[in-house]
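**Q** Here is how the chains run, residue by residue.
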Amino acid sequence: MEPVLLANIHRSDSHTLSGYESTGGYNAYRKVLAEMSPDDLKDLVKESGLRGRGGAGFPTGLKWTFLPKNHPGPIYFCLNADESEPGTFNNRILMEEDPHQVLEGLALSCYATGAETAYFYIRYEYPLCYKRLTQALEEMYAKGLLGKNILGSGFNLDIYLHRGAAAYICGEETGLIESLEGKRAWPRIKPPFPAIEGAFRKPTVVNNVETAACVPHIVNRGVAWFRSMGVQPDPNNPRDPGSFGPKLYCLSGHIEKPGCYEAPLGITVNELIQEYGGGMLDGRRPKAAIPGGISMGLLTADEFDCPLDFSGPGRYGCLGLGTAAVVVMDETVSMVDYLHNSARFFAHESCGQCTPCREGTSWSLKMLDRIQAGRGRLIDLDLLLEIGDTIGIIPGTTICGLADGAAWPLKNAIRKFRGEFEDFIKQTNPDGYAETSPVPALHEIHGH
Amino acid sequence: MSIVIVNGQEIEVGDDEQLNGIEIAERAGLEVPHYCWHPGMSVVASCRMCLVETGRKNPETGEIQMMPKLSPACQTPATDGSVFVTNSEKVKQARAMVEEDLLIRHPIDCPICDKAGECRLQDYHFEHGQGERRADLKPFTSRRRPLGETVTLFVDRCVMCTRCVRFCREISGTSELMVANRGAHEEIDVFPGFPLNNKMSGNVVDLCPVGALGDKDFLYSQRVWFMQTHDHVCDGCSTGCSIHVDENQDHVYRIRPRENPEVNEWWMCDDGRYGWKHVHSPERLTEPMRQIAAEPGKLQPARLEWSQAPDAIDGALRKAGRLAAVLSPHLTVEEAYLLAKYVRSIDPQAVLAVGPVVQVGEPEKYPNGFTIQAEKCPNRRGVETIVNRLGGELLGWDDFVARLEKETFGGVWVSGGYPSAWIDEATAAKFANVKTLIVQDMFRSPLWEKAHFQLPGAASVEREGSYVNHHQRLQSFGWAIRPPAGVMVEGRLYWRLLQRPGMYNGAQLMGEIAREIVDFAAAAPGVPPNGVDLRVNQLA
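In order, the protein sequences belong to chains D and Z. For the first sequence, position 306 matches number 315 in my numbering, and the numbering has no gaps at all. For the second sequence, position 206 matches number 258 in my numbering, and the numbering has no gaps at all.
Hints were generated in silico from the structure; no laboratory data involved. Treat the hints with caution; some may be incorrect.
[As the list claims (entries may be wrong)] Just the calculated beta-carbon pair ranges, DEER-fashion:
{"no.": "1", "chain 1": "D", "residue 1": "ASN158", "chain 2": "Z", "residue 2": "HIS523", "range": "37 to 47 angstroms"}
{"no.": "2", "chain 1": "D", "residue 1": "PHE67", "chain 2": "Z", "residue 2": "GLU83", "range": "36 to 46 angstroms"}
{"no.": "3", "chain 1": "D", "residue 1": "PRO201", "chain 2": "Z", "residue 2": "ASN420", "range": "55 to 65 angstroms"}
{"no.": "4", "chain 1": "D", "residue 1": "GLY28", "chain 2": "Z", "residue 2": "GLN145", "range": "33 to 43 angstroms"}
{"no.": "5", "chain 1": "Z", "residue 1": "MET119", "chain 2": "D", "residue 2": "PHE67", "range": "14 to 24 angstroms"}
{"no.": "6", "chain 1": "D", "residue 1": "PRO201", "chain 2": "Z", "residue 2": "GLU184", "range": "39 to 49 angstroms"}
[What the hints assert, rightly or not] Listed below are several chain D residues computed to face chain Z (Cβ distance under 7 angstroms; list not exhaustive):
{"no.": "7", "residue": "SER93"}
{"no.": "8", "residue": "LYS157"}
{"no.": "9", "residue": "PRO365"}
[Stated by the list, open to error] Simulated crosslink set (DSBU-like; lysine-lysine; CA at most 30 angstroms straight-line):
{"no.": "10", "chain 1": "D", "residue 1": "LYS425", "chain 2": "Z", "residue 2": "LYS109"}
{"no.": "11", "chain 1": "Z", "residue 1": "LYS482", "chain 2": "Z", "residue 2": "LYS350"}
{"no.": "12", "chain 1": "D", "residue 1": "LYS199", "chain 2": "Z", "residue 2": "LYS121"}
{"no.": "13", "chain 1": "Z", "residue 1": "LYS502", "chain 2": "Z", "residue 2": "LYS458"}
{"no.": "14", "chain 1": "D", "residue 1": "LYS78", "chain 2": "Z", "residue 2": "LYS109"}
{"no.": "15", "chain 1": "Z", "residue 1": "LYS142", "chain 2": "D", "residue 2": "LYS199"}
Note that the structure is a prediction, hence the values are computed from the model and not measured. No residue lacks a Cβ here, since even glycine has one placed at the ideal position from N, Cα and C.
Can you make the complete structure from the sequences, with help from the hints?
**A** As structure tokens, then:
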């Protein structure tokens, strides 16, 4: 497909205002401010079927309508640029290479929602993004695209860049708000939802960078164009709003050409690897792939015809599309190592607020530590599955979705590759793998 | 009126009531286990022990639609048509999971843990937990560190409910405590150089649902199941916090706040919590004495048997002439009433005065309204009312001392009961001309030395009666411990002097006082545990 979001990233001046404007940048902004009301823009985005690109895939226009009508006080807009999901770097590309595209989308989103203050929450580990965005904001203020009475429209907008203090949970919308307010990034219990009481106790919208970047294109090219790409709603599922528009896929792992590619929603893993990734690295056989960030679970090589739209991976036992960061693993990868690495990440990043997540992620890591150390037992696999189920399957056991994210790799890896786990345990612990009790304490094994 | 359905049972909720799932279940006679929720603080819903199934009943069709997710009961309001299920398999499974998770790295050291016997982790484990321990992790490292002068933290026992952190932010407003680190490495800690030293610090120990926060003062001094708990009222200041006195064999081991929404909610200050040590002081006076004339013109102290004391005192006072009684603000209402009645029974014109009211600094007010009063006595208002109604004029301590210089009193009865020094030599010297001076006190003082009758008095926890606090709330209590041998509680002595039949009975006496003195009328039907507001009649 013709790239849209990444159309200009190869230009040397793509990150400057002049470079952006030379390719039609800010035309949508000017047009909207001159011709459209906020409600018109809201309706346009709603009709387009744009769904949030941050992971949950919630319809963006619908989210905007949750804001209270005729709210007398300020409404805040937070742009979530805390991109911490392993394997994901689509927002980074946009912010580094085409920051004005993101900022135009943000400004349009603020106009639609009535927000006159926007917080661009960016993770600390992205220094170049920060630099480019700082420059871009200065250019916008200098050109009168931000500030008071923008382009004579009466619309006011200030955008503040806020650097996060490095935690996965800062990317969860209420964790982000807490962090923005200067507190520890512990997700908030909902309700109240941010649209009613968010940042600084005011109605707040939190959207992802890539979501915002889509908005100018919807204005420029129209709803029909946007809905012409992607997957139509499932007629058998009234709750499926379909998956429309261009999408950035981060392709990494054992492929010839890793990178960030733009493709329509619904492309399969196989197509992505073959058409964009240049095939498997050194022609080796694929073993598994993560469909959209490590929290989404795992697809086996047999499941590579899984369509990468918002509901596709769910049909293959994964949590969802997530951030569309596809990590491909070839036959050389040990699933024990993969799962250990995944558990290590979630145990490290759990904010620790809810008991099941705090203890469950840590417990699963300790068990995988022991399995890796050659003291695994077959019953450990069932226990790991149970942990995965209790922290992830009983819905509502935690405040945010991190525990779910930690549970899906556990459940997918063990259910889909159980034989490999059993072989590993049998080989590394031939005498004890069948033990049922008692179990040795971990510190007796390797000095934990 | 709203109707909420809890496990199929319809429960009524008043229009002005705001209850959550835990509270509505409690009203239905069910317990929803919880760690992090506390009615006095913000809801964080993080322990996840109170997960229940929730839903709504359609008022028109009567159909009940349940939510697919479990919800924390602490965060779910009980509104009209709300449905709660607290005993389904799904709920039980979730509770068992949380219990198992919490015990992964919590030491099972109940035999040495101070919280044993009142630990929620222990209780909930037996009621809701898994049958076996499946986690094979090193359970604990016994790390302990002091958080301040009063509280010590057993790091491994913490279940991260953050009640203590929220208390310091929301109630004391001092914010000393925080959560350090992340995930399973989280720990409660203080900021470097800023220990937990606020004047309400002891409350975090009561709040802690497990044995993580220990009270240094109580630590390892007593197992809770050996102690008896008595409801009482703090005598540290005129706030008059409702308290529990925990004692074993007439020895107080700790004092804890007793929930009373009208006075102290769930809290008390450290002054009151740790201010009971004088009760067991070796300096306590325990021998009644009288001055006898060993040789003409010279008096000498001699031991007085309690069996003979009432007659001896009564005889001396009846011969003394004009009488006066100083009613200490540490006396209960009932004791003040009896003493006043007694001196008036001998001399109907006897002068009644209120003893010194100790003031220290200014009142200390906390963000939630809790106040440590500057007035360090529990019953000034109660005693003042007695003096006012029975004495004719409200005579304060300074006025009375001034009157001593102008007027001659044949007999003066001074009641003390102060936990610390309350009278100096110069003031005591003004009592030199009193023919019969009776002093009743806990500790020696310049006045004690001059007394003709020296009567050891009781501490607050040894008394039975009522105090009226700063806000005119009268609270009654029974004695928690018996006084040391040799001490007769004031009320009992006055009762005997008045030759009343039977034993001293505070509740019965309060009924009598309420009928006689209109200010106490609100206490006539009996005094409930939270006390009565004496202003009720005035407002009416």
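**Q** Hints first: check each against the structure and report whether it holds.
**A** We went through each hint and held it up to the structure:
no. : hint                                         : verdict
1   : ASN158(D) with HIS523(Z): 37 to 47 angstroms : violated, 56 angstroms
2   : PHE67(D) with GLU83(Z): 36 to 46 angstroms   : holds, 37 angstroms
3   : PRO201(D) with ASN420(Z): 55 to 65 angstroms : violated, 23 angstroms
4   : GLY28(D) with GLN145(Z): 33 to 43 angstroms  : violated, 58 angstroms
5   : MET119(Z) with PHE67(D): 14 to 24 angstroms  : holds, 18 angstroms
6   : PRO201(D) with GLU184(Z): 39 to 49 angstroms : holds, 41 angstroms
7   : SER93                                        : violated, 13 angstroms
8   : LYS157                                       : violated, 38 angstroms
9   : PRO365                                       : holds, 6 angstroms
10  : LYS425(D) with LYS109(Z)                     : violated, 41 angstroms
11  : LYS482(Z) with LYS350(Z)                     : holds, 19 angstroms
12  : LYS199(D) with LYS121(Z)                     : holds, 13 angstroms
13  : LYS502(Z) with LYS458(Z)                     : holds, 20 angstroms
14  : LYS78(D) with LYS109(Z)                      : holds, 29 angstroms
15  : LYS142(Z) with LYS199(D)                     : holds, 21 angstroms
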